[in-house]
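Assemble the whole structure, with the sequences as input and the hints as a guide.
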Amino acid sequence: MLLYSILFPIISILAILWFFYRYLKEKQSLATVILWTILWLFVIVFSIFPSYSERFAKLFGITRGLDFIIIVVFVVLFYIMFRLYNRLDILQDEVNKMVKEVALSNEITLDDEEEE
Amino acid sequence: MSFEVSKEDKKSTYVILPAYNEATRIQPVLESIAEKGYNMIVVNDGSSDNTLDVIKQTKQKYPDQIHIFSLIINRGVGVATQTGFDAVFQFDAKYVVSMDSDGQHSADDLDNVIKPLVSGEAQAVIGVRPLKDMPMSRNFANAVMNLLTRIFYRVNVSDSQTGFRAITIDALRKIDINARGYLISSEFIREVNDNNIPFAEVPIKTIYTPETQAKGTNVKEAFKILIQMIKHQF
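In order, the protein sequences belong to chains A and B. All residue numbers for the first sequence refer to the numbering used here, where the first residue is 1 and numbers rise by one. All residue numbers for the second sequence refer to the numbering used here, where the first residue is 1 and numbers rise by one.
What the hints contain is simulated information worked out from the structure, not anything from laboratory work. Treat the hints with care, since some could be wrong.
Taking beta-carbon pairs under 8 Å as the criterion, some of the chain B residues facing chain A (in silico) [said to hold, decoys possible]:
#1 Lys-59
#2 Lys-61
#3 Gln-65
#4 Val-79
#5 Gln-82
#6 Arg-173
#7 Arg-180
With a Cα cut of at most 25 Å, we get these calculated SDA-like pairs of lysine to any residue [what the hints assert, rightly or not]:
#8 Lys-231/B with Gly-61/A
#9 Lys-97/A with Gln-233/B
#10 Lys-231/B with Leu-84/A
#11 Lys-97/A with Asn-156/B
#12 Lys-10/B with Ala-200/B
#13 Lys-224/B with Ile-73/B
#14 Lys-36/B with Ile-207/B
#15 Lys-100/A with Asp-92/B
#16 Lys-220/B with Met-81/A
#17 Lys-100/A with Phe-89/B
#18 Lys-100/A with Phe-91/B
#19 Lys-220/B with Asn-156/B
#20 Lys-231/B with Arg-64/A
#21 Lys-10/B with Asp-92/B
#22 Lys-174/B with Glu-94/A
Positions of the beta carbon are idealized from the N, C-alpha and C atoms, including for glycine.
Here it is, written out as structure tokens:
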């Protein structure tokens, strides 16, 4: 047995447990946990039985199993990047709103200076 | 027919000046505007130098004409201008102008820019920089941004990236500005156009120095503007 077929399942199990822990702490939605669990289960299956990846690859018209895995990883990474970008965008808007409101309700007068 | 802007019109005009690290340049700008009899809303955009102190010092000289608001962190020219646009409703304003605080715009142009608003000829004005005054690199960048504004916002203007603009308070109520950075220039034009606000272009002087050239729409900013324009389509 190769090292990765032991290491990857361990990492995957830890990841699944981590997602469930976050779900129990109400930090993650059930849908997200299920999606990630499916993904990590695939990692477990492919690392123990690498030949299975070829069957999936053929389903999508891809010849090599490894190519299929790399494409899936790319898709997942791009999705994560998109989600992060969106989240960042929302946060930026919220910060802007807050900074603006603080500024608008605190016009700086010369009296402020005298108080200092 | 020559139309003059009266003292009262000037008193009801508020000039918004977003300022980020302009400590060495802002004082003469504020003084020249104050001397002309206009009111100002200066928004310090989280400057890391002593811009705010310089603004406060100038306010001591013109306490009734300068109003200061300060963003606690730097959020970009778009947010600073938005803050000014929101702040203006706290005052008795009829006309609102926004211009750069780095000295590239001249206070001498203020009268010309608000004239179409006062005479009722237009409700929004953009100050157009003459192409011949613009450095080659700026000229090219501006042509690209004009084209993008035309493609994405369907408005054809001769200077889409100008920071010198004016609008009546009633028209300002109708528009919705959300841009964070330099996109604000194109967004202002889009909002004016979408809300069918009659607008005019007025030629303005631009004073280019190495310092003022370092700011404004560079390639990185242009790319950011393009991304935001695409995003706004959805």
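Right, here's what the structure says about each hint:
1. Lys-59: Check passed: Cβ of Lys-59/B comes within 6 Å of chain A, closer than 8 Å.
2. Lys-61: Result: violated, 11 Å to nearest chain A Cβ.
3. Gln-65: violated, 13 Å
4. Val-79: Holds, because the Cβ-Cβ distance from Val-79/B to chain A comes to roughly 5 Å (cut-off 8 Å).
5. Gln-82: holds, 7 Å
6. Arg-173: Status violated, d = 16 Å.
7. Arg-180: Check passed: Cβ of Arg-180/B comes within 7 Å of chain A, closer than 8 Å.
8. Lys-231/B with Gly-61/A: violated, 33 Å
9. Lys-97/A with Gln-233/B: Given pair Lys-97/A, Gln-233/B holds - Cα atoms ~22 Å apart, limit 25 Å.
10. Lys-231/B with Leu-84/A: Judged against 25 Å, a Cα distance of about 16 Å means the pair holds.
11. Lys-97/A with Asn-156/B: violated, 31 Å
12. Lys-10/B with Ala-200/B: holds, 19 Å
13. Lys-224/B with Ile-73/B: holds, 20 Å
14. Lys-36/B with Ile-207/B: Holds, at about 19 Å.
15. Lys-100/A with Asp-92/B: holds, 20 Å
16. Lys-220/B with Met-81/A: holds, 20 Å
17. Lys-100/A with Phe-89/B: Since the Cα atoms of Lys-100/A and Phe-89/B sit roughly 14 Å apart, the hinted pair holds (cutoff 25 Å).
18. Lys-100/A with Phe-91/B: Holds - the C-alpha atoms of Phe-91/B and Lys-100/A are around 17 Å apart, at most 25 Å.
19. Lys-220/B with Asn-156/B: holds, 23 Å
20. Lys-231/B with Arg-64/A: violated, 36 Å
21. Lys-10/B with Asp-92/B: holds, 12 Å
22. Lys-174/B with Glu-94/A: holds, 22 Å
The structure fails hints 2, 3, 6, 8, 11, 20 (numbered hints given earlier, in ascending order).
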